[in-house]
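Since the structure of chain U is already known, use the hints to place chain Z on it.
Here the protein sequences line up with chains U and Z, keeping their order. Heads up, the first sequence is in the numbering used here, so the first residue is 1 and it goes up one at a time. Heads up, the second sequence is in the numbering used here, so the first residue is 1 and it goes up one at a time.
These aren't lab readings, by the way, just hints derived from the structure by calculation. For clarity, every value in this text was computed on a predicted model and none was experimentally measured. Just so you know, even glycine gets a beta-carbon here, dropped at the ideal spot from N, CA and C. Check before you lean on any hint, since a few could be wrong.
Unchecked claim - Label pairs and their in silico Cβ distance ranges: (1) Z:GLU141 / U:ALA28: 31 to 39 Å; (2) Z:GLY287 / U:ALA52: 39 to 47 Å; (3) U:ALA56 / Z:PRO282: 48 to 56 Å; (4) Z:HIS123 / U:GLY31: 46 to 54 Å; (5) U:THR11 / Z:GLU141: 54 to 62 Å; (6) Z:ALA119 / U:ALA56: 28 to 36 Å; (7) U:SER374 / Z:ARG60: 20 to 28 Å.
2 protein chains.
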Amino acid sequence: MALIVQKYGGTSVATPEHIGRVAEKVIATRGAGCDVVVVVSAMSGETNRLLALAHAITDRPDPRELDVILATGEQVTIALLSMALQARGCPAHSYTGAQVHILTDSMHNKARIMDIDAARIQHDLAAGRVVVVAGFQGVDEQGNITTLGRGGSDTTAVALAAALKADECQIYTDVDGVYTTDPRVVPEARRLARLTYEEMLEMASLGAKVLQIRSVEFASKYNVPLRVLSSFEEGAGTLITAEEEGMEQAQISGIAFNRDEAKLTVLGVPDQPGVASRILGPIADAGIEVDMIVQNVAEDATTDFTFTVHRRDYTQALAILQDVARELQAREVSGDDRIVKISLVGVGMRSHAGIASRMFRALAEEGINIRMISTSEIKVSVVVDEKYLELGVRALHDAFELGRSGGQPEGE
Amino acid sequence: MALIVQKYGGTSVATPEHIGRVAEKVIATRGAGCDVVVVVSAMSGETNRLLALAHAITDRPDPRELDVILATGEQVTIALLSMALQARGCPAHSYTGAQVHILTDSMHNKARIMDIDAARIQHDLAAGRVVVVAGFQGVDEQGNITTLGRGGSDTTAVALAAALKADECQIYTDVDGVYTTDPRVVPEARRLARLTYEEMLEMASLGAKVLQIRSVEFASKYNVPLRVLSSFEEGAGTLITAEEEGMEQAQISGIAFNRDEAKLTVLGVPDQPGVASRILGPIADAGIEVDMIVQNVAEDATTDFTFTVHRRDYTQALAILQDVARELQAREVSGDDRIVKISLVGVGMRSHAGIASRMFRALAEEGINIRMISTSEIKVSVVVDEKYLELGVRALHDAFELGRSGGQPEGE
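Bound conformation, chain U alone (with noise of 0.2 Å):
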């Protein structure tokens, strides 16, 4: 018999009508044959009232106490979902991580799982029972209740999955699948069948934010089909996995976007080895994330560093810069934090030449220059002003014809 690990987030578990309506969905996956174990979110808006009864208390919680408020989240929805699932006459049981002993690390409210003990939901499923277990929340070695941060009962469901060795775990959203890009920006795009881990990867980090990257990486160390599909609609969603030999591979899934960017280049750095670290350094000491690094040589030995970081830490970063280019004996530092980052998406990239030239024809023909580029092994990015972006990631949208059905293009 099939084993599923579906997941519902907060707003497929928002009301109790909302639960009547998941219980629903369960027992029509189990009267399609299939044991099911069920994974669940804090009813929405839960999370943040008790994070506001925390705050209430003190301005900085203790963050063992504020894993063990937080988790009362989950708690309440798989009591609830357990009801609604035994009204409908269908066997059912609740567990906290705690009690299925979800195995964490020690770091309150940022735990990563270590372990999963089976053996108690095996012998439920065994006795024909639905089982529904908290997501987002563990143990520690000692007992003590851990929280595994934001969107973590994405990351339960893909390691129960693991544990219990399941055919495929389904994450349930307010999306019905992962799209070629946000449809809000090109009304023609379109959904995808299929995606494999690397691609989903690189499309959650730049900005799909349909699945927690942590979760993705789960499934994809360990081999867990992972399907995205809606909870207020019926469809196959999309089914990420990993890479099928001799699967035919569109050449570029989909284009990410992040609105969230700025941008800094330290110009005239002596170009001399240990320059970069020397930027870098002050950066991440003072606790802000870089994301993309480029570095061009000028023609009089010195070099122009720019990277990118989120456009909250703009200022804080920039001030940083002014004394770094001091002492480095800087010619100049700017800025921008007027900044997009669009990048396309694809582990068919691998194997076809031109991709990136074709990027860039396709935004040059809209008149849109591009400021920083960067390439992975299954993406491109580019770093255009703001207010190309819905402009450019149309054109591309189009240029690469990701809204056609089957999404191939033609030749090259």
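Just chain Z now, kept in the frame of chain U:
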């Protein structure tokens, strides 16, 4: 170093501000040189909110799952109180019932505590921490979450005090102690400095709803000194202990009363063995609890059999009795749901004659007709018409001089 277990109920932790004040009380106790273990209830209103959620899912929530959702109420409070203590520089750790192994039987919604593992708490106390434990909840041998039923937090506190061999278990409520009677009825009612477990049990079961009966039984069994005091006012409260040899006992400690009674009589029952059980059997089978039972032998070899039930069960009990009376060939069934019970309680009663007659005289002087009488070792209860409740309680409070400092009546 003295060890104090303190329990704060729902109204004492109703808001983050209340919780801050509880933290300050706990810190003051530590400042006086005591180790402190704190037991808390759910914030007032929270348990009802959770119940409403469950009932929005189904009319008859599964008992196991109901415990899972209800247990979150106290879990929120322990986290908030620990945060509040830490924010004030006082080291603290919170624990759910499961985390400190408050082992119960598996009777969901009304579980009984079987064992507590004190080691983890003692370790934290030795490390200089305040330990904050969720009241009302435990865990059964299979690891399922259980709850102890309404008011169960008192029982948790007493059980912890017993397991830890605490010097005192302090129950903080919204009243400043146990009174000679309800001050709303008798403004001169006086707070009792001390009371025995037996007296408290009689007072509690007779309607003085200060402490949960089970917690008093537990305290009595393990000889845990119990103190009832106010969260909102200073004061020594009421200390409840075993009766001490040579302790000068007031004859009467207090006057309890119960407005929720109804009285039923089967008149002219043939006076044969087994009649009582033939009358009360069907009542018990219907799940109706019987309080007082009185049987008089009448002149014609028949008997009148009278008992009281909760007023809400009156109509049902009356219908049952009509059938029973027919079977027994009893003369008549009568009843009255406009009666109340007034009880004098006091361990001193055991060694003093004449309490009952003095009671009856005091009532007679006010023209109050006594409808039923029942006595036990430390109490005398009478049933009177509802309209005489306040008059009767005041007359007795006066007659036994309970309002006077010391409360010891002159001679007998």
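- Between GLY287 of chain Z and ALA52 of chain U, does the beta-carbon spacing fit 39 to 47 Å? Roughly 43 Å apart at Cβ, these two residues keep to the hinted range, so it holds.
- Would you say the C-beta atoms of ALA56 of chain U and PRO282 of chain Z sit inside 48 to 56 Å of each other? Given a distance of about 54 Å, which is inside 48 to 56 Å, the answer is holds.
- Taking 54 to 62 Å as the hint, is the beta-carbon distance of THR11 of chain U and GLU141 of chain Z inside that range? violated (38 Å)
- Message: Tell me if the beta carbons of ALA119 of chain Z and ALA56 of chain U are separated by a distance inside 28 to 36 Å.
- Response: holds (34 Å)
- Does the Cβ pair HIS123 of chain Z, GLY31 of chain U satisfy 46 to 54 Å? Holds: the Cβ-Cβ distance is about 50 Å, inside 46 to 54 Å.
- Query: Can the suggested window of 31 to 39 Å be confirmed for the beta-carbon pair GLU141 of chain Z and ALA28 of chain U?
  - Reply: The hint (31 to 39 Å, Cβ to Cβ) holds, given that GLU141 of chain Z and ALA28 of chain U are roughly 35 Å apart.
- So does SER374 of chain U sit 20 to 28 Å from ARG60 of chain Z, Cβ to Cβ? violated (60 Å)
Violated hints, in rising order: 5 and 7; the structure is consistent with all others.
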